[in-house]
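Got chain A; can you put chain B on it based on the hints?
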Amino acid sequence: MEQQSLFSVISPIMVGPSSSHTAGAVRLGLMARNIYNAPFLKVKFILYNSFATTGFGHGTDKGLLAGLLGYSVDDSRIKNIFDIIKNEIDYSFEYVEDISRFPNSVDIIIDGKRKISGDSIGAGEIRINSIDKFPININGNYDTLLMFYKDKPGMISRVSDIIQKYEINIATLHCGRNSKGGIASMCIELDMPAKDEIVEKVKALKDVFFVTNVRKLK
Amino acid sequence: MTLLSFDELLATTIEKNLSISEIAQQEEALFLELSVGDVRSKTQENLIAMREAIQNGLKSTEKSVTNWCGDDAVKMTQRYKKQKALLGTLFEKITTYAIATAEENLRMGRIVACPTAGSCGIVPSVLIAVSEERNISEDKQIDALLTAGLIGLIISYKVRLAGAVAGCQAECGVAAAMAAAGLTQMLDGTPQEILQATALALKNILGLTCDPVCGLVEVPCIKRNAFLAVHAVTASELALSGIESKIPLDEVVDTLKITGQLMSPLLKETSQGGLAKTKTAIELEKSLSKLKG
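Same order as they appear, the protein sequences are chains A and B.
Heads up: the first sequence begins at 2 in our numbering, then just goes up one per residue.
Heads up: the second sequence begins at 149 in our numbering, then just goes up one per residue.
I should point out that these hints are in silico values taken from the structure, not numbers from a laboratory.
Mixed in with the good hints there might be a few duds.
With the C-beta cut set under 7 Å, the calculated list includes, among others, these residues of chain B facing chain A [to be verified]: (1) N194; (2) L254; (3) V365; (4) S389; (5) T407.
Glycine included, C-beta positions come from ideal geometry on N, C-alpha and C.
Excised from the complex, chain A in its bound form (with noise of 0.2 Å):
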């Protein structure tokens, strides 16, 4: 059994109803935000299963938007979150049942060109599970590298190289593949937030894609 703060049962402060259908629902917007992390103007969200049952009582739709739009979890204003951003944005919602998804989860297609899923995992806990069609694994609880690279060996301790010359701790490790020697992508949970330098040089690296440093959240 992995520790736990006694803050994980009292607390979130957070706005109602349901910590998984409201608080997770703004927590998956966040990491959306924190993953994108650049300004847009139109959002799809796809709300699978019990997300898009009882969304509606719940303010699923509107936590998730508001998430997004960079709401904490305890702001009172997210009930009323559409009259405040009004046509600012292009916002849409889909509502699918497909039991290949978990009861909880949503896609957030953002202009159009990036989809991040993940799931509403329970007690506001979520986890970010693909960016596009790539599978990766981050539950928002860590500053997070995140990088897509051509599957390769050595790219691992390439990276890991960089991060230890600053003296940052990696708290977990998690690769993933398409298929072998095709896209690979890796999240490294550190305790600090990587600096600016240390993106730009995994960026500079051969055969890597795509490099982002994802805040964690509060």
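Only chain B this time, still in chain A's reference frame:
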């Protein structure tokens, strides 16, 4: 937090001659790498948010998006003004505060999940109502919340606190156990009495299912907060009288977990059974889909 059972917790209180709240703050300070003072401030932040949720809830009659609930706390306040509750002012406050908080939750107001959002009214209503009626100091209220938190945490090591895992036993049931523990601490109960209050509260919610109508945190969740807040007080009163649970607390928690495993999935937050499948619930479901458009 490294204490994994209530036996270990009790042994630690005896060995170190510390109260449960003192152990809670020390362990938490170590775990979060904060000072004890910071842990207490963080606890106080939650206490303040709980009071604000009660105050906001008491004022509002705003309905939820379903239009089913939202004005019960005000109804109770009005009735108690005209006619005192049989069990007196403290009972009035506890029941009204529990409903006020739960209603604030359903209208997307700001609350403290304790341990979950659906059970957010139970711990605050008991601790805050009693501290108002008995002029309990802020420090003792913080101690009570720390104790409630540590009790909930140790339970959560054995059972995930989610209706989908163990039914409402793990949500409102555990909230009642936390409230009973916190209240017993606030009334200067010994560590033994605090753990007895927890065991007595938990033993009497075993088997509680999670069958919310349309899958929403409204029916029966809101009113259940008031019922289980009073339940917590009963447990605390018995424990403070020196009454002991014949079954030790750790075994009661194991029983809760096993009962959760034995419970049909239809009764664990899936809304496929229980109240959620009554004739009226199905009609409500139809009216809700019209509302969604």
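So which of the earlier hints does this model not fit?
-> Violated hints (numbers, rising): 4 and 5; every other hint is consistent with the structure.
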